[in-house]
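Engineer: Sequence:
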Amino acid sequence: MTLQALYCDACGSRDLVRVDDERYRCSHCGASVLVAAEQRASPVAHAAPPSLRGPLFGVAGLLMAAVFAVVLWQVSVSPRTPRNEVINASTIELSAAAPVQALQGEKAREKLLVMVTNRGTRVVIAPHVAANFYGGSTKLESRSAYAQTSVLRPGESAPVLIEVPPAIAGRPGKAQRHEIALASPLRAVATTDGQVLKFSDARLVERDMQFKLAARIQAPSGRSPMQRCRASIVLLDRYDGIVALGDGRCNARDVAPGESTLIDASFVRLGTLPVARWRYHIDYELAQPAPSPALAVAPANRQQTVVGSAEALGSNTTWDAADLLRR
Numbered sequence: 001m002t003l004q005a006l007y008c009d010a011c012g013s014r015d016l017v018r019v020d021d022e023r024y025r026c027s028h029c030g031a032s033v034l035v036a037a038e039q040r041a042s043p044v045a046h047a048a049p050p051s052l053r054g055p056l057f058g059v060a061g062l063l064m065a066a067v068f069a070v071v072l073w074q075v076s077v078s079p080r081t082p083r084n085e086v087i088n089a090s091t092i093e094l095s096a097a098a099p100v101q102a103l104q105g106e107k108a109r110e111k112l113l114v115m116v117t118n119r120g121t122r123v124v125i126a127p128h129v130a131a132n133f134y135g136g137s138t139k140l141e142s143r144s145a146y147a148q149t150s151v152l153r154p155g156e157s158a159p160v161l162i163e164v165p166p167a168i169a170g171r172p173g174k175a176q177r178h179e180i181a182l183a184s185p186l187r188a189v190a191t192t193d194g195q196v197l198k199f200s201d202a203r204l205v206e207r208d209m210q211f212k213l214a215a216r217i218q219a220p221s222g223r224s225p226m227q228r229c230r231a232s233i234v235l236l237d238r239y240d241g242i243v244a245l246g247d248g249r250c251n252a253r254d255v256a257p258g259e260s261t262l263i264d265a266s267f268v269r270l271g272t273l274p275v276a277r278w279r280y281h282i283d284y285e286l287a288q289p290a291p292s293p294a295l296a297v298a299p300a301n302r303q304q305t306v307v308g309s310a311e312a313l314g315s316n317t318t319w320d321a322a323d324l325l326r327r
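Heads up: the sequence shown begins at 1 in the working numbering, then just goes up one per residue.
Worth double-checking, as some hints may not be accurate.
Restraint-style ranges between C-beta atoms, simulated for each label pair [unchecked claim]:
(1) R249 <-> R279: 14 to 22 Å
(2) V196 <-> R109: 33 to 41 Å
(3) R326 <-> E110: 22 to 30 Å
(4) P293 <-> V196: 43 to 51 Å
(5) Y134 <-> E93: 20 to 28 Å
Straight-line Cα separation of at most 35 Å, DSBU-like style, residue types lysine-lysine; simulated pairs [said to hold, decoys possible]:
(6) K174 <-> K139
(7) K198 <-> K107
(8) K198 <-> K174
(9) K139 <-> K198
Treat the hints as calculated values from the structure; they're not laboratory data.
Ideal Cβ positions, reconstructed from N, Cα and C, are used throughout, including at glycine.
The task is simple: from the sequences and hints, build the whole structure.
Structural biologist: This is how it looks when you write it as structure tokens:
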């Protein structure tokens with residue numbers, strides 16, 4: 001009779017201890033092994049092939065442990081943006097509100113220009129500022145707007161344009177005073193110092209008292225796509241007075257590293273003097289592996305200054321950003 005070794009059905013071990021005529025116990029995993037009557041003559045007379053269930057379970061367990069360890073490592077090293085934290089609003093300084101005539105399109109509207117400055121030590125989300133209009137002790141109306149930026153770094157300032165209600169605009173006696181205050185809680189935001197983005201092939205043009213900026217932006221190098229971006233622009237005259245405020249968003253989302261996209265920025269005009277220089281910065285976000293949120297990037301040296309005036313265009317000249325950059 002051909003004798004074959006007896007194996008544990010649970011783990012495949014050969015280290016078995018005889019308990020009685022019908023059973024053996026595995027010294028490795030403790031499982032009981034039943035022996036058929038025709039096999040009892042010899043503890044090694046088991047003709048069945050060795051079970052692979054135990055070894056396979058062991059390999060699968062090792063693989064699962066390795067995958068779990070990799071996931072934990074990736075989570076620990078991936079930059080994540082925590083929930084925005086409400087912080088002390090006294091770190092934001094609000095200037096006095098200056099009445100301005102804001103020309104956007106063909107209509108001029110009365111607005112209040114307020115400058116907000118971050119006097120704190122943390123980066124904050126664009127402050128939300130309100131103007132409350134009073135007639136005596138009666139609050140007549142309220143209006144609010146966000147600072148023209150995505151985030152405000154310590155020491156930075158940004159403009160806010162708040163609309164004067166139509167019922168009050170142009171009627172000096174309607175509202176006797178206005179008060180400026182933050183309209184919502186101030187929130188800190190986690191950012192990282194990444195690559196500074198600059199315009200390429202930028203073209204600032206003026207037509208019929210209106211401004212437009214057409215430019216290209218190249219997504220930063222690395223492995224993460226640029227999920228979105230925003231350009232905040234201030235046009236200045238030779239006396240550093242504000243001529244216009246501009247805001248532009250990337251035309252495309254999820255721009256791969258090294259690829260370019262267009263910025264088409266429109267402006268609200270506040271002054272009539274020619275543009276002597278302009279200042280801008282670009283905020284952007286990088287996509288992160290799920291479930292992490294996008295990573296906000298706001299480098300400390302992101303503010304850029306360009307010396308030069310706006311190029312005058314004829315009334316019939318194209319106003320499309322892509323066409324402007326082809327010329």
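Engineer: Look at each hint and say if it fits the structure.
Structural biologist: Structure-based check of each hint:
Our hint of 14 to 22 Å for R249 and R279 holds, since their Cβ atoms are close to 18 Å apart. Checked against the given bound of 33 to 41 Å, the beta carbons of V196 and R109, roughly 34 Å apart, stay inside it. Checked against the hint of 22 to 30 Å, the C-beta distance between R326 and E110 comes to roughly 38 Å, which is inconsistent with it. One distance hint, 43 to 51 Å for the beta-carbon pair P293 and V196, is violated here, with the actual separation near 22 Å.
Taking 20 to 28 Å as the suggested C-beta distance range, the pair Y134 and E93 conforms, at roughly 23 Å. Taking the CA atoms of K174 and K139, the gap is near 11 Å; set against the 35 Å cutoff, the hint holds. Restraint check for K198 and K107: the C-alpha separation of about 32 Å stays at or below 35 Å, so the hint holds. Between K198 and K174, the direct Cα distance comes to roughly 45 Å. Violation of the 35 Å bound is thereby established for this hinted pair.
Between the alpha carbons of K139 and K198 the distance comes to roughly 44 Å, so the proposed pair goes past 35 Å and is violated.
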